[in-house]
Amino acid sequence: MSRGPLDKDVGDVRRHFRRWGEVWFEYRGPPPNGRYVLKKMHPVEAAESYCRGAPLLYVVTVSSADGVERPKTPEELDDLCASPGVSCYIFGDVVWGPEAASVCTSYVVAVGINSLKDALRSLVEFGVQIRRRSWVEFDRSVLELAGLCDEAPGICDPPPPPEDRRDAPQKASPTPGGDVASSVSTASVTGEADLRQDGAASECVKLVARCLGEELASRLRSCYA
Amino acid sequence: MYACKPQVDPAILLHDDPRAWVELLGWGCIEVFTSTARPVGVKDLDGLVKYSTTRPGVFAGLLRGVEFFGKYAAEWGGLIHGRIYLGARTPFPYLPAAAERDEPVILASPAIALLPPDSKRLWQKRAYVLLRLLSEVPVRNLRLHLSQRLPEEWRFQGLSYVEVANARCGGRRCVLWAEWLYWIEQGRMPHIDLRLGKFAERAERDKLLTSLAKDLEGYWINVKKPAASCWHFRRAEVANNTGGVP
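In order, the protein sequences belong to chains E and H. Read in order, the letters of the first sequence correspond to residues 9 to 233 in our numbering. Read in order, the letters of the second sequence correspond to residues 815 to 1060 in our numbering.
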């Protein structure tokens, strides 16, 4: 027996998306074709245990620069998502397909949000705040399109180049035969940075010294330098 | 409305030269691309070129829904589904090897940047040396990040691009690395520059390539036409990368 979705969940969805746009309609059935905002989703094999008791819940946001006419039925929504210039993004825990359809039922909430940026922001916010998903689970091109890369640069931009770590100990270690010009230039660029300032590395060395012995720790230090 | 007939392969999306876009894509395609990218704040050609060259993977994802026609339709259609020809597209002539290095060993042209930003697995397989510099595939400003972090010995200072292409990187010709180097230094794709007669010569030997370009007029039409299926891609790529290596 398939019960309806938990009232609390659907209530959360309605309440959240009413702030961003217009909740068009809800229906029982498969979600339309669109792009999923999550990168890491539950595997289809796990769908059965996941959807036990309640249908899988999907949220579809439809946005278009030109504005679209509000669809009335799931078929109209399908056509709308297939038409060019309209972007449909889906939040769901499992990729809907024939395999998932054989074991689960689905419940879809369609939301119209005019701006693409707002649509993606609303989905990401829903995932993070209500579904407790982590930032890194979202597709990174979605984060970029939502303009969230500027707010969370660690996800979209690679960490700063590792030169700071590699060059500074060379400067610190007394090597009179070393290239003076290069050491001066790196010193001016990187400033004071060594093992003591690199918190994670010093923690690691301390841990090694405690657990594996002082000898290994000193080898690690010399390797770092 | 959303149909386009490009006269060039998708690597133009990495080519930072609006004139080449006008010449090879045409205003029809540019208008289609601008309207698909309007939700992200693109208004004109300059904005389009800037967005596309700084965030190629994101931009390629926006092209879903556009229908492509013509000679290059298969390749553009593949791009929308996350496939792209990763072999070298510039016909660097053969010369005796001028230098031998162990690194960088790279198995993909800059076109790999057109794939969605989450294709890290492919980067690990094809462009491991670059991923090691970056530690993460950047969503935007790949060229900026690379130009900041490139080791000095990988730049092959003093050699022309043709000589770089014929140097040995881990035993192979560095043709793909020559393409990367040209893209990082100039911001444009070498094969498109060559086709338009705008190839930026680095040293004397590059004149060889520009003088050959005229003879290669038919090359663009007859030889470079990878099909949209993965198997064909791989076959073309193998033939292109290793065929004829002395």
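Hints listed in this document are in silico derivations from the structure and should not be mistaken for laboratory results. Note that the structure is a prediction, hence the values are computed from the model and not measured. Backbone N, C-alpha and C fix where the C-beta goes; we use that ideal spot for every residue, glycine too. Among these hints, one or two may not hold up.
Residues from chain H that face chain E, not an exhaustive set, calculated with beta carbons under 7 Å [to be verified]: (1) P930; (2) D932; (3) L936; (4) L945; (5) E950; (6) P952; (7) G985; (8) R986.
Results for each hint:
1. P930: Interface hint status for P930 (chain H): holds (6 Å vs cutoff 7 Å).
2. D932: Result: holds, 6 Å to nearest chain E Cβ.
3. L936: Violated: closest Cβ of chain E sits about 15 Å from L936 (chain H), beyond 7 Å.
4. L945: Hint violated; L945 (chain H) Cβ to chain E Cβ min 9 Å, cut 7 Å.
5. E950: 4 Å, holds
6. P952: This interface hint holds because 5 Å falls under the 7 Å limit.
7. G985: 27 Å, violated
8. R986: At about 27 Å, which exceeds the 7 Å cut-off, the nearest Cβ of chain E leaves the hint on R986 (chain H) violated.
When each numbered hint is compared with the structure, violations occur for hints 3, 4, 7 and 8.
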